[in-house]
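Q: Sequence:
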Amino acid sequence: MKQIKTRIGMKQGLKTLVLSLLAGLVFVGVSFQVIGGRSVAALASPAIAQVPAAQVPTPTEVRGGHNFVSAAVQRVGPAVVRIDTERTVSTGFQTDPFFDDPFFRQFFGDNFPSQMPQQYRQQGQGSGFIVDASGIVLTNAHVVSGADSVTVTLKDGRTLQGDVRGVDEPSDLAVVKIDGSDLPVAPLGNSSDVEVGDWAIAVGNPLGLDNTVTLGIVSTLNRSSAQIGIPDKRLDFIQTDAAINPGNSGGPLLNQAGEVIGINTAIRADAEGIGFAIPIDAVKAIKDQLARGETIPHPYIGIQMRSLTADLAKQSNDDPNAAIQLPEVNGVLVMRVMPNSPAAEAGLRRGDVITDIDGQTMTTAEDLQRTVERSNVGQSLRLRVIRNGNTQTITVRPGNLQDMQQG
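Residues -17 to 389 (my numbering) make up the sequence shown, in order.
Because the hints were derived from the structure by calculation, they are not lab data. Hints may be right or wrong, so weigh each one.
[To be verified] In silico lysine to aspartate or glutamate, DMTMM-like type, Cα no more than 20 Å apart, as pairs: (1) Lys266 <-> Glu151; (2) Lys296 <-> Glu310; (3) Lys215 <-> Glu151; (4) Lys137 <-> Asp164; (5) Lys159 <-> Glu276; (6) Lys159 <-> Asp130; (7) Lys159 <-> Asp145; (8) Lys159 <-> Asp114; (9) Lys159 <-> Glu68; (10) Lys266 <-> Asp114; (11) Lys215 <-> Asp349; (12) Lys159 <-> Asp270; (13) Lys266 <-> Glu355; (14) Lys137 <-> Asp161; (15) Lys215 <-> Glu276; (16) Lys215 <-> Asp385; (17) Lys215 <-> Asp263; (18) Lys215 <-> Glu348; (19) Lys137 <-> Asp114; (20) Lys215 <-> Glu355; (21) Lys137 <-> Asp192.
[Claimed, not checked] Using C-beta positions, here's what the derived DEER-type ranges look like: (22) Ala304 <-> Gln105: 50 to 58 Å; (23) Asp161 <-> Thr343: 48 to 56 Å; (24) Asp138 <-> Ala53: 18 to 26 Å; (25) Gln104 <-> Ala305: 42 to 50 Å; (26) Gly128 <-> Asn303: 41 to 49 Å.
Note that the structure is a prediction, hence the values are computed from the model and not measured. All C-beta atoms in this analysis are idealised placements derived from N, C-alpha and C, irrespective of residue type, glycine included.
Could you build all of it, start to finish, from the sequences and the hints given here?
A: Next up, the structure:
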């Protein structure tokens, strides 16, 4: 009997403890802090758990305790827009020789190709943000490129027609002009001040879900476009783990002060938790030219290349099937020279190793890429090249990338 009473007493004590803990959990849900991009309940201390019910904050008081994310979004959110586009896409069925096959026509008739739609309307959606009260909107080139019509929807519900003023494919930037009154403006920060580990807030309209905010950190800086699998761009990205999805393209990446530090532009299809943004300093450098409809020059020399180290060169040289003997130095190995390119005209060859440009040491392909990009179209660049064990100087004059692409 005494044991039974003891068990009953233990159960009553446990019940009391559970009820006390449940009472404390009411306060756990009141205060939240952001950890690693997710909302996590801040654990209540024993002192908080014992606060009388009369002192529990009201909903109004709770809403008044905004964190930095709320403040940043309130500052920039009204200037973030949804961009809807329509473009005409040609199917090209009429030119397919398959339709000229007599066996095919026997079953479907001579008029079948003409009955199929040769064009259709394609709709797209992305994000953007207003940077000037006159109606200048920044977004990605791939959001509006080739669009027949552009519609811009503001957070306050206004829908305005957009005029694409300028598109620069290599930097994936575009400027759209809208006409409206009392337009909100997003403040621009400085991406040069960004450090790895800083907060990163992505705002946009992913997957058609307007006015979506996600939080993460800056994972790394100066991630080259070649490294993430888009070698046709000329960019060094801000990498972030803030969730970025289709439809976020063109929207702003903010710092904790609510300033734009980048434009969300790319995701990796084979990875989760990795997104990329164009640094806002690179945007500032060309946005006014794009707004005036000017073409942005992008110097290029026309080679495919890879970074070379002394160790890699030795491994290649030790292979009895190696096509060429490489100099065991650090530099940039020319893998291919594009026909009719400035590099071809200058006499660069496959297998050349570039060790410096104008006296500046080149140790990686990214070094060479950035050096060429910072030059001017037509400027003379003196390349120190090792070929067949001999060192020589080759002068290359960069051309304009858009001219090569259009040709």
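Q: Look at each hint and say if it fits the structure.
A: To see whether the hints hold, each was checked on the structure:
no. : hint                          : verdict
1   : Lys266 <-> Glu151             : holds, 16 Å
2   : Lys296 <-> Glu310             : holds, 6 Å
3   : Lys215 <-> Glu151             : holds, 7 Å
4   : Lys137 <-> Asp164             : holds, 13 Å
5   : Lys159 <-> Glu276             : holds, 14 Å
6   : Lys159 <-> Asp130             : holds, 15 Å
7   : Lys159 <-> Asp145             : holds, 5 Å
8   : Lys159 <-> Asp114             : holds, 10 Å
9   : Lys159 <-> Glu68              : holds, 17 Å
10  : Lys266 <-> Asp114             : holds, 12 Å
11  : Lys215 <-> Asp349             : holds, 16 Å
12  : Lys159 <-> Asp270             : holds, 12 Å
13  : Lys266 <-> Glu355             : holds, 16 Å
14  : Lys137 <-> Asp161             : holds, 15 Å
15  : Lys215 <-> Glu276             : holds, 18 Å
16  : Lys215 <-> Asp385             : holds, 15 Å
17  : Lys215 <-> Asp263             : holds, 17 Å
18  : Lys215 <-> Glu348             : holds, 13 Å
19  : Lys137 <-> Asp114             : holds, 16 Å
20  : Lys215 <-> Glu355             : holds, 11 Å
21  : Lys137 <-> Asp192             : holds, 8 Å
22  : Ala304 <-> Gln105: 50 to 58 Å : holds, 52 Å
23  : Asp161 <-> Thr343: 48 to 56 Å : holds, 51 Å
24  : Asp138 <-> Ala53: 18 to 26 Å  : holds, 19 Å
25  : Gln104 <-> Ala305: 42 to 50 Å : holds, 45 Å
26  : Gly128 <-> Asn303: 41 to 49 Å : holds, 46 Å
Every hint from the earlier list agrees with this structure, and none is contradicted.
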